[in-house]
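Given next are the chains, with one letter for each unit.
2 protein chains.
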Amino acid sequence: MGDLLVIGSVALDSVETPFGKVREVLGGSATYFSYAASFFTQVRLVATVGEDFPEPHRRLLADRGVDTRGLRASQGKTFRWAGEYGFDLNEARTLDTQLNVLADFRPDLGEDLRRTPFLFLANIDPELQLDVLRQMKERPRLVALDTMNFWIRGKQAALRRALAEVDVVTINDAEARQLAGEPNLIRAARAIGAMGPRVVVVKRGEYGALMLADGAFFFVPAYPLESVYDPTGAGDTFAGGFMGHLAAQERVDAAAMRRAVVYGSVMASFTVEDFSLRRLTRLKPGDIADRYASFHDLIRLEA
Amino acid sequence: MGDLLVIGSVALDSVETPFGKVREVLGGSATYFSYAASFFTQVRLVATVGEDFPEPHRRLLADRGVDTRGLRASQGKTFRWAGEYGFDLNEARTLDTQLNVLADFRPDLGEDLRRTPFLFLANIDPELQLDVLRQMKERPRLVALDTMNFWIRGKQAALRRALAEVDVVTINDAEARQLAGEPNLIRAARAIGAMGPRVVVVKRGEYGALMLADGAFFFVPAYPLESVYDPTGAGDTFAGGFMGHLAAQERVDAAAMRRAVVYGSVMASFTVEDFSLRRLTRLKPGDIADRYASFHDLIRLEA
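Taken in sequence, the protein lines are chains A and B.
Our numbering puts the first sequence at residues 2 to 304.
Our numbering puts the second sequence at residues 2 to 304.
Chain A on its own, in the form it takes in the complex (with noise of 0.2 Å):
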């Protein structure tokens, strides 16, 4: 079993969707990923928090077991978030962004985290990501990036120099496709591909995921769920549920990654079932590895 470092934000969400509505959860990508991958391996937590994060939320994720070590609570205010999102979950709608503490956030990773084997650089300011890389003593095993549109459009150079360096990208298709500039998702992952990345993993919500890993491309579905509550998190999530297993297997052939693209779907079929970490907090045990059979039996070929 590998550990598993993950740089990213958490955050104080306000969530509404036509399901319902939440002020101030737990949330950020850091966080989601880290209580996901927390199934899985030895997660270790590098982000920054105010002065007001509340105890209870620390306490969550430290009872999964993740090192919490990392998470510095700066003078300040934790940074928030508030979207929404209509019927069609695929996208959300950003009403409110407040940085705080996240604006002057610099990762200073301590000795030990400096030779993790795993590194997930979540989805945060590409300058920060490059940091975080260039204070590794040993370059990890498997290094993966997520990011988003406001980072396409604003710091593209230093996005680009991040891809260079990294083994695989998780991005959204309508983010892929903007940041290969190609309507087409299969060209537009090929030439995500060829800035670095050896895979590219492009996460579709309704539609699932697609794998492009050393040339071949691997599809898998979401999960058919009759409720859908809040897509906040499944991102993340679901890079928890890639990495934790890769991490775990301590594997990064093309099998190990197929099986993560599962894994992740399964950790994001749970997010998308209630608001925040909520489901995730149910889990019981054999509720992953049952949903990974459910996965399984969804595209076998041989019923």
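One should not assume that every hint holds.
Pairs involving identical chains hold if they fit within one copy or between any two copies, as the list cannot separate such chains.
Computed cross-link-like contacts, SDA-like style, restricted to lysine to any residue with a CA-CA straight-line distance of at most 25 Å [said to hold, decoys possible]: (1) Lys22 x Glu183; (2) Lys156 x Asp215; (3) Lys78 x Asp64; (4) Lys22 x Ile187.
If you're looking for bench data, these hints aren't it; they were derived computationally from the structure.
Starting from the known structure of chain A, arrange chain B on it as the hints suggest.
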């Protein structure tokens, strides 16, 4: 090998996409279906055309072994459809529809056709679909039906009567939601299954297809094409591969249905690579088997 009877439209299509434009080329639901299914089994086509229908079009079908004795020429002009697609190739905009001889089409199955074991009711007035079902002397081993928004809006009562009597329905995703009155596609598929068909196949364009068969879902992605020229006929070609495989194997169990969905996806993936039936007419021996193997690789969990 079981014979396969299809009733539907034969048309002259005028189509414009961002990648080109064709005028009065061979089209129609029964045409695409027959041509695709002819690679698998003996197809018998029942449809009507006008006196203006070009002889080379009939010959194209006959040369593939399609039994065109039921393709009757009536006084008047052949059915014409004109449509265009934007860069989002998922939905056609109909520019013009001239029913012509299709307006008075009353299919009369000869005695030898009334005992065909596999029957496909291609997209056409549901009253005609019901009429053909009534003419069968024996209940076919498998009956499938395709429909579209025009009939869901205009003839839903007749359509529901037809649905209650068929084994399989093929329908696209927007139309499935419309027919079920349900935005969640998974619930919509279940609701349509409750209307009668044991098997519901939902075609999702660039997102592939899903099948609900005997309560279990199966998903197939679209083939990862870098260039899609014209989606016209993709759904009918899908149905041709699907029903062609089942008729050829004389099997209607769940495992055969899954393979059939893949064969349908294979045939549709060829159709969209050029206008009209052009790509299908260029198929070489082995092309179908090769692409089937590629599809298998796209969803194979053990890489």
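Open item on the list: Regarding Lys22 and Ile187, is the shortest C-alpha distance of 25 Å or less found within a copy, between copies, in both, or in neither?
Closed with: between (36 Å within a copy, 24 Å between copies)
Task: Alpha-carbon proximity between Lys22 and Glu183, which holds within one copy, between copies, both or neither at 25 Å - done: between (36 Å within a copy, 22 Å between copies)
- [ ] Indicate which option fits the pair Lys78, Asp64 if close means a Cα-Cα distance not exceeding 25 Å: within, between, both or neither.
- [x] within (24 Å within a copy, 75 Å between copies)
Open item on the list: One pair to classify: Lys156 and Asp215, alpha carbons no more than 25 Å apart. Within, between, both, or neither?
Closed with: neither (27 Å within a copy, 50 Å between copies)
In terms of the numbered hints stated before, the structure departs from hint 2 and from no other.
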